[in-house]
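*Asks:* Each chain is listed here by its residues.
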Amino acid sequence: MAAPQGNAALTAANNIQPFFVLHKAAVAAASTVPSSRARRRLDASLPSSPNPKSAKRHRDVDEQDEEGPELYEKLRLEAFHRTWSKIQSTIDEVLRGINLKLFDQVLQWAQESFSAVRAVAKPCHAEVQQPYPLLTDVICSRIPTAFVLTKNAEFVDDITTFRDLAEHLQSNGCHLAKLSATELSVKHAVGGCFRSLLRQLVSDVPDVADVSALASWYCEAENYEQPIIVIIDDLEQCSGDVLGELVMMLSEWVIKVPIFFIMGIATTLDAPKKLLSSEVLQRLEPCKLTLGSPSDRMNALVEAILVKPCAGFCISHEVAMFLRNYFFRHDGTITSFISALKLACSKHFSMEPLSFLCMGALEEDCEEFWCDKFEALPQVIQKYAFGLPSCTSTNNSSSSGSDVVKGLSKLLKLQKDWSSVLLCLYEAGRHDKVQLLDIFCEAVNPDLQTQNTSDVDLFASKMNSENPSGVKSGSGKVFMAQVTNTIRYLPMETLLHVLEVWSTHFKGMSEINDKVKELQSTTIDAGSARTTKEKWTRRSTGNTGNATVPLNEKAAVLLHDVIRKYLVPVECLPFHEIFCFKNVGILQSALIGNPRRMVQLDLLKSQSHLKCSCCGRSGTAVSGSLHDTSIMCNLAQEYGDVINLHDWYISFEGIINSTHSKVKRKSYSSPSKKKSKSTPPEGQAMVQARFCRAVTEMQITGLLRMPSKRRPDLVQRITFGP
Amino acid sequence: MPPRGGRAAAAASSGSEDEEDEAGYSRSYFLAKEKEPSSSKKRARAAAGKLSDLNLVDEQVLRASLAEIPPKHEEEVEALTRSYKDQYRNWLFELRCGFGLLMYGFGSKKQLLEDFATTTLTDFTVIVINGYLPSINLKQVIVTIAEMFWDQAKSKRKRQPGTRSQLSQPFPSQSFDDIISFLKRQTSDDVDDRVCLLIHNIDGPALRDAESQQWLAQVSCCPQVHVVASIDHVNAPLLWDKKMVHTQYKWSWYHVPTFAPYKVECVFYPLILASGGHAQTTKTALVVLQSLTPNAQSVFRVLAEYQLANEKEEGMPVSSLYTKCRERFLVSSQVTLNSHLTEFKDHDLVKVRKHSDGQDCLRIPLVSDALEKLLQELA
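Residue numbers (the numbering used here), protein chains in the order written: chain R, 1 to 722; chain L, 1 to 379.
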């Protein structure tokens, strides 16, 4: 791995340069244009190729060479990009859809405010550009301001919301500028912040950024008829003084140049009061708007990307549980949830050789796609497909391409049924505040399948037992039992609504749909007569009021049947490895690096990484053959939060020397053993150098803080226990 | 790697692992606190083992030995580093997926990453930033990238006439935001090359400030730029907020301990046995004093003698120093004394403190032994 000898000098020079170009990209021909044969093969296997000639395919099958892996890697990369862009666009769509109502409110507010401002006065261009303000009463120099309550503890989720809002307003003709908290800081002051505002609106920013530049820009014909909207997405992080100054300045001009504010508030509505002075607050004309809650957004997202796997890719139960815990325990932001999912997706396509077949789910004719693809696969990979654990468990002896295609199609079909059932469950559970993510985690549990086959008898007892709502372990069927329970007590009207939603979800499953229809018809007959008894029914536990209960009961029984038959977790299906990401360990280590713990573990257990024969694995005593820094770190564990350098050195020296002389001596840590102050032995310089380097390395890794001038003999330990 | 998978699975199912970790941390912290002797004992302990009791070698010898430390476990370290080669393809895959790679674990990762770059990132233009250096001009780096993109875009535009190919002003004189917005506009249609920024020690001393991290984060989310970085400090993740982590850097973490010595990274750290003790300070003080005029040296001597005679005091009041110096005809006025004092202060030979009775007093920041030694050598 060492650089070639000739480059040694160059490397040394590069080491002390702040930056350097290691190498330029290889000539485009080598990388971006594949060799002709590879390209031919790529064409043959790419879905977009117009006519995949079978002859070509067969030849490709014959020619198996080392280009294979790279070709499939490219395919998998393409599959990742297509899959993720599909998921990402779904996410964007869902989030935008949720926020659309609010966006329209904002737009309406902007338009109303604009006409209100214009109603006060409609200055002509010359008036607008005059340097002094229009003479109007104080009331009119108030800036319409929309405070948008985001309800998010973390700002990061609002970035996309405000970006979408900006796009929405812009597409409706408003002029738009954004000011971030970093711009509204004391460092930039009001001048820098106004300049940034100008930069976003005016194409050529003059050297002296003042309001007159803005005014003259605003007077241009194409700009005049619309308000300027300034979005400040994170109000709490802004400097109150700078923002106040900006508000005071712009408020003088609001009649001439109608600038309105939209401010995002993460905490409570009194945040502006805390931040701004009363004088400034008087210049704002507030309007309060509220975003949807994070849990609504989460439910919608889970539905769109996990329950209805929009792009084929799906996750296993373990991964789902991990993501759920990550969401609830880590920071509760949707952004981190999505980025975790993206990482899972990329890991899947990077590790699973056949994962490129996922693309089939995006194709119109997936069977043809899989057929083409599978036949073009080399024998080795074909064999691998039949060797997947999920296939070997089902006794499928024959192994031809059509089996795979059939298997995959069946998998997609069953997945679709699964998601329909899950959505029905959620529809009923919503009335009892069940979150989709929770119920999703239960529904992907492969143990469910085994439970389903055995617990028919258990059903009744479970139904009647009190719902253990406190348990959130996610294993077992806590939430599903809760849902079935909920159905039993649903008021008639709600039940009718639920059944209606069910019938849309079960559209593809005629057998079930008929049953739902049947239920609906009986409910309608009985429903009208029973509405008056609703409240009574809700309280009754099912043994009384036997006229209505059967309907609820029937629905519950139907749901239970459907769950048993159709809620087949993906992990129970053959070939699911192709679509389903399972390796939770890899995901976790890539997502949450834990340097604090891992670096200490590296040092304390260096043998397990180096796998050397010299350092005893079992030994509790620190061996001198260990890595120097490892010895030091082990020794440091003996101290409190400060380490005496002298003692530390003596123990280090003891350990080092004990192996040198091959005599097992106790480390002599008594400071009384003073050396003669004459010339130090030659070996001691080396020991001191090693000590120094080990300390420096511990300093680099941040395990130590250097001695202060007041206590030059003591270093401070920073980390305690891995 | 340790068996993280099993641990992870356990964490996923039980979820209590984290809390146990937390409890473990605090437990060991308080244990460590308990071990710490009470303040009087601490003094006793510090007195018991002093660095000066050790028979320390001269700094030059120390530095010479440092260069000759025999490597331990050379083969194993190399084998460990080699074992990561299998992962190169996966790393590249993830880089292409749009993630940034973040390498951590004990040991210098410089060679590993550069080897990865030379063998695997052949399709990328790789720019290496040595974050372990004490100062780095990030703007230069960004200007380099921008200029490279500009040249490529220009040659492309030549093939499609009719588009403007003039820069309003050269990149070095543009503001940072302008360059970033230029970089953000570059897509694969404009430029052929993808740039990979290879940042050794993205947590290094020169990159540790918020502004540098903001800049790097903004560069890392430009469409044609990818980032591979290494960290060594255990608290490095504190450098980033959620926005940077999830929307800009998009880290994918890899635990790759190499146990390779931090050779270049170490260079800029002081040696604990060389400059930590006062031997070094005495020496530097001596060098400074010898370059001053004899009168200035004598003024310093007056101060030093006073300090040795009155060790308990907080320092020598300026007024009494002036009187003493006038008596000995060392200075003629307060102005000359002040000029000497300024010289001392600039070289950290003297510290000014407020005395408890309000007047300024002077103190030499050296312990008595060191001060005595200094006076001997100065004579």
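Note that these hints are calculated values from the structure, not bench results.
Predicted, not measured: the structure shown is a model, and the values here were computed from it.
C-beta: ideal position from N, C-alpha, C; glycine also.
Please note that the accuracy of each hint is not assured.
Covered by chain L, per the in silico footprint, the following chain R stretches (three or more residues, Cβ under 8 Å) [as the list claims (entries may be wrong)]:
| no. | region |
| --- | --- |
| 1 | 18-24 |
| 2 | 72-84 |
| 3 | 269-283 |
| 4 | 343-356 |
| 5 | 603-609 |
| 6 | 637-648 |
| 7 | 691-705 |
*Asks:* Hint by hint, say whether it matches the structure.
*Replies:* So, going through the hints one by one against the coordinates:
no.	hint	result
1	18-24	holds (count 7)
2	72-84	holds (count 6)
3	269-283	violated (count 0)
4	343-356	holds (count 6)
5	603-609	holds (count 5)
6	637-648	holds (count 8)
7	691-705	holds (count 11)
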